[in-house]
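2 protein chains.
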Amino acid sequence: MTNIHATTTAAQTTAAQTARPPASPLHARIGAALTGAAIPADLLDLDAHDPLARKREEFTLPGGVVYLDGNSLGALPRAVPERLQQVAAQEWGDALIRSWSAGADRGRDWMNLPDRVAAKIAPLIGALPHEVAVTDTTGVNTFKVLAAALKLAPAERRVILTDAENFPTDLYVAQGLLDLLGGGYELRRVNPDALDGHLTADVAALLLTEVDYRTGRRLDMAAITAQARAAGVLTVWDLAHSAGAFPVDLRGAGADFAVGCGYKFLNGGPGAPSFLFVSERHLGNENAAPVAISGWMGHADPFEMDRAFTPAPGARRFVPGTPMVLSLSALDSALDVFADVDLHALRTKSLSLTDTFIRLMEPLCARFPLTLVTPQEHARRGSQVSYRHPQAREVMADLIGGGVIGDYRTPDILRFGFTPLYHSHADVARAVAGVQAALEARA
Amino acid sequence: MTNIHATTTAAQTTAAQTARPPASPLHARIGAALTGAAIPADLLDLDAHDPLARKREEFTLPGGVVYLDGNSLGALPRAVPERLQQVAAQEWGDALIRSWSAGADRGRDWMNLPDRVAAKIAPLIGALPHEVAVTDTTGVNTFKVLAAALKLAPAERRVILTDAENFPTDLYVAQGLLDLLGGGYELRRVNPDALDGHLTADVAALLLTEVDYRTGRRLDMAAITAQARAAGVLTVWDLAHSAGAFPVDLRGAGADFAVGCGYKFLNGGPGAPSFLFVSERHLGNENAAPVAISGWMGHADPFEMDRAFTPAPGARRFVPGTPMVLSLSALDSALDVFADVDLHALRTKSLSLTDTFIRLMEPLCARFPLTLVTPQEHARRGSQVSYRHPQAREVMADLIGGGVIGDYRTPDILRFGFTPLYHSHADVARAVAGVQAALEARA
Numbered sequence: 001m002t003n004i005h006a007t008t009t010a011a012q013t014t015a016a017q018t019a020r021p022p023a024s025p026l027h028a029r030i031g032a033a034l035t036g037a038a039i040p041a042d043l044l045d046l047d048a049h050d051p052l053a054r055k056r057e058e059f060t061l062p063g064g065v066v067y068l069d070g071n072s073l074g075a076l077p078r079a080v081p082e083r084l085q086q087v088a089a090q091e092w093g094d095a096l097i098r099s100w101s102a103g104a105d106r107g108r109d110w111m112n113l114p115d116r117v118a119a120k121i122a123p124l125i126g127a128l129p130h131e132v133a134v135t136d137t138t139g140v141n142t143f144k145v146l147a148a149a150l151k152l153a154p155a156e157r158r159v160i161l162t163d164a165e166n167f168p169t170d171l172y173v174a175q176g177l178l179d180l181l182g183g184g185y186e187l188r189r190v191n192p193d194a195l196d197g198h199l200t201a202d203v204a205a206l207l208l209t210e211v212d213y214r215t216g217r218r219l220d221m222a223a224i225t226a227q228a229r230a231a232g233v234l235t236v237w238d239l240a241h242s243a244g245a246f247p248v249d250l251r252g253a254g255a256d257f258a259v260g261c262g263y264k265f266l267n268g269g270p271g272a273p274s275f276l277f278v279s280e281r282h283l284g285n286e287n288a289a290p291v292a293i294s295g296w297m298g299h300a301d302p303f304e305m306d307r308a309f310t311p312a313p314g315a316r317r318f319v320p321g322t323p324m325v326l327s328l329s330a331l332d333s334a335l336d337v338f339a340d341v342d343l344h345a346l347r348t349k350s351l352s353l354t355d356t357f358i359r360l361m362e363p364l365c366a367r368f369p370l371t372l373v374t375p376q377e378h379a380r381r382g383s384q385v386s387y388r389h390p391q392a393r394e395v396m397a398d399l400i401g402g403g404v405i406g407d408y409r410t411p412d413i414l415r416f417g418f419t420p421l422y423h424s425h426a427d428v429a430r431a432v433a434g435v436q437a438a439l440e441a442r443a
Numbered sequence: 001m002t003n004i005h006a007t008t009t010a011a012q013t014t015a016a017q018t019a020r021p022p023a024s025p026l027h028a029r030i031g032a033a034l035t036g037a038a039i040p041a042d043l044l045d046l047d048a049h050d051p052l053a054r055k056r057e058e059f060t061l062p063g064g065v066v067y068l069d070g071n072s073l074g075a076l077p078r079a080v081p082e083r084l085q086q087v088a089a090q091e092w093g094d095a096l097i098r099s100w101s102a103g104a105d106r107g108r109d110w111m112n113l114p115d116r117v118a119a120k121i122a123p124l125i126g127a128l129p130h131e132v133a134v135t136d137t138t139g140v141n142t143f144k145v146l147a148a149a150l151k152l153a154p155a156e157r158r159v160i161l162t163d164a165e166n167f168p169t170d171l172y173v174a175q176g177l178l179d180l181l182g183g184g185y186e187l188r189r190v191n192p193d194a195l196d197g198h199l200t201a202d203v204a205a206l207l208l209t210e211v212d213y214r215t216g217r218r219l220d221m222a223a224i225t226a227q228a229r230a231a232g233v234l235t236v237w238d239l240a241h242s243a244g245a246f247p248v249d250l251r252g253a254g255a256d257f258a259v260g261c262g263y264k265f266l267n268g269g270p271g272a273p274s275f276l277f278v279s280e281r282h283l284g285n286e287n288a289a290p291v292a293i294s295g296w297m298g299h300a301d302p303f304e305m306d307r308a309f310t311p312a313p314g315a316r317r318f319v320p321g322t323p324m325v326l327s328l329s330a331l332d333s334a335l336d337v338f339a340d341v342d343l344h345a346l347r348t349k350s351l352s353l354t355d356t357f358i359r360l361m362e363p364l365c366a367r368f369p370l371t372l373v374t375p376q377e378h379a380r381r382g383s384q385v386s387y388r389h390p391q392a393r394e395v396m397a398d399l400i401g402g403g404v405i406g407d408y409r410t411p412d413i414l415r416f417g418f419t420p421l422y423h424s425h426a427d428v429a430r431a432v433a434g435v436q437a438a439l440e441a442r443a
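As you go down the protein sequences, you meet chains A and B in turn. Count the first sequence with the UniProt record's numbering and you get residues 1 to 443, in order. Count the second sequence with the UniProt record's numbering and you get residues 1 to 443, in order.
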């Protein structure tokens, strides 16, 4: 029903169908620039001393490509296919229904799988394990935590305040919830860099995405959360481009709620289950966050099959339905990549990669109509770098065909995501060589 | 966080951990009765003339087991593991983000995968492809269609009428939605076999599960839907134990909404994505069913990234988030098993299997405290047979340990599901021999 041809470019489709070798002389030229790029000695030196360099071998990546779209779909961790086979053949095919409980003592039962995955995500976002639930999609989780926030807020607070340029789904979900509730609820869109005067007595919740999906601009979560709390406003943070990209400290910031993606920097696979965070302040016996979508998996005793819903003790109460075990197992396996990763080292490398990219791209910005839109200031930058270009859609199609896989975002954004777990500084130089070839061909 | 030991029996866990050979003399005795059962000639004859017998080879099933829990988790279709490998290694690992659009002309892109799966489910439930969406879990979908029904109903209709003994999640979800809405909404629980007098002018929607999860009692969907429509009440059918078990005719019945599971009789794998149905009456430009949880995947043009939500033309509008591609691909592959299946032949065989089971169990009902709770009348029976037994929990644990895998439901139900795609009449005789051994050991 969705007309895919209206939503992607023909070049993207062609590139993926034919894969290597490149399909056109232009793609070949970009590919040659990429693979033949001379790597400056200072970058080789940075790579030689990179404490995370060893992590790259834990991923399977195609040859002839610099993959700069891990902020849309993380690369495949090498261990995942075998785990999927094991889940399909043994746990499903052989043990069948028994797998819901079998292996609970060894941490292999399906019933507690959502909680085990939550416990792996918790340290990446500065949360306690029982404050995290892994379930559903980011949109559905946004709906659930917004609903909880609105119900927790005093009745006279009926406004959701959000970034005017927030990710569309966040806006759609908030508006859909308010339409459902009716009765004077309102979505108010403002500039998140200028919140002063907007945290008024009618605001129930502040819904913000920490890192902007287009510009890569990072907000000051700690300062904004403190400002909101002082004004009696609950915070809902979308960590889509944060979790797994750098250390997040939800508890340190005093956040109330958060959601995030499993398939971006957490590398959980296409459409991997999402996570949500509920501060333990809202999980107590009194004034607990209400569960709008309540299902058997979030019940304190799922197999009792009571007629009334009694919420599970932690954020697990926000898991309504039977988890998608195949997708969830892939995410579970993917998260093991983070087990020995120092998140501060991850952040240091991310900034070094994006600094390098910005520096190497500077000469191209002077020659071509490219405008950097990502903040140069480290504290205000996520793990991506974006540029405006009047033919961004066509340029990105060329790049993808040639092996520099970033993505295009309307209306005119070229977006390049950097993943410190599998990118080297040499990759940055190769990508820039590819961009140069693409821009020169179009000039 | 969930204490699994409180929700299953130790015997179940032990059985699954040790698998074959059976863990105890009792399990060995049940297993021997099962594998050594003499199969009556009339049953061998039925199997010899079974037009669906050839389908069994399309499934991978463990040896030494009669698996009668396909109504909780369908068995593994043989083609699924290879499909999963292909999705993980090629589509994710190699093509990466390009797989969202690549192969659209060959029906292999991820973007339209939910619609392709919907098109495979549509004929199984008597729907048009654009009336079906495949997404989320059954609980979340129940929330979405109930929300749509309440918003479509006139404001003075604020009651959801449901079966007092409905599946707990249906009750929880309905109550959670009404709590969220506040303002005089009410969940009213009645006996679905005696609806007369309950379809009053304050009722917005009737939420019923066609086949009861405990007793296997099937409702008359056509008659009840007609009665509801005549009373101005919208219908929401839960097809958890219907879809894939026998032909369902939602359009013929005039149903408004429906939901169902991908992981039971559709064999889509543990926690497979769910489906929902919205009659095309509610998908038009005027008076369309509103989308409470609206995300980018349900937008008419997802990559435009508009600030306002414009719903996709069909039921696709109810797909809020990025689909869980691994789980959804398994379901897509699993549904191919149905491509050459005559659903009326499926129903005929299902009734023959359950008739046979009821008949062979009769002598045991006379000797032991077993009470059949499934209707004998064909029109009122799904594809499972259930008995009450005062020690149902313990008896089922014994049976599972010995290789007759059914399940226990509180408080005292032994449940046996029959799947015509992979069960023979000989399996029925083997299962009954196992049940006899278990009951004799406990007498």
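Simulated from the structure, these hints should not be mistaken for lab results. Be careful, since some hints might not be right.
To be verified - EDC-like cross-link-like pairs, simulated, lysine to aspartate or glutamate; straight-line CA separation at most 16 angstroms:
#1 K120(A) - E286(A)
#2 K55(A) - D342(A)
#3 K151(B) - D342(A)
#4 K151(A) - D196(B)
#5 K151(A) - D336(A)
#6 K151(B) - D179(B)
To be verified - Below, a sample of chain B positions facing chain A; criterion: calculated Cβ distance under 8 angstroms:
#7 P273
#8 G295
#9 A366
#10 F368
Just so it is clear, CB atoms sit at the ideal spot from N, CA and C, and this is done for glycine as well.
(request) Against the earlier hints, flag every one the structure doesn't satisfy and list their numbers going up. (result) Hint check: 1, 3, 4, 5, 9, 10 fail, others pass.
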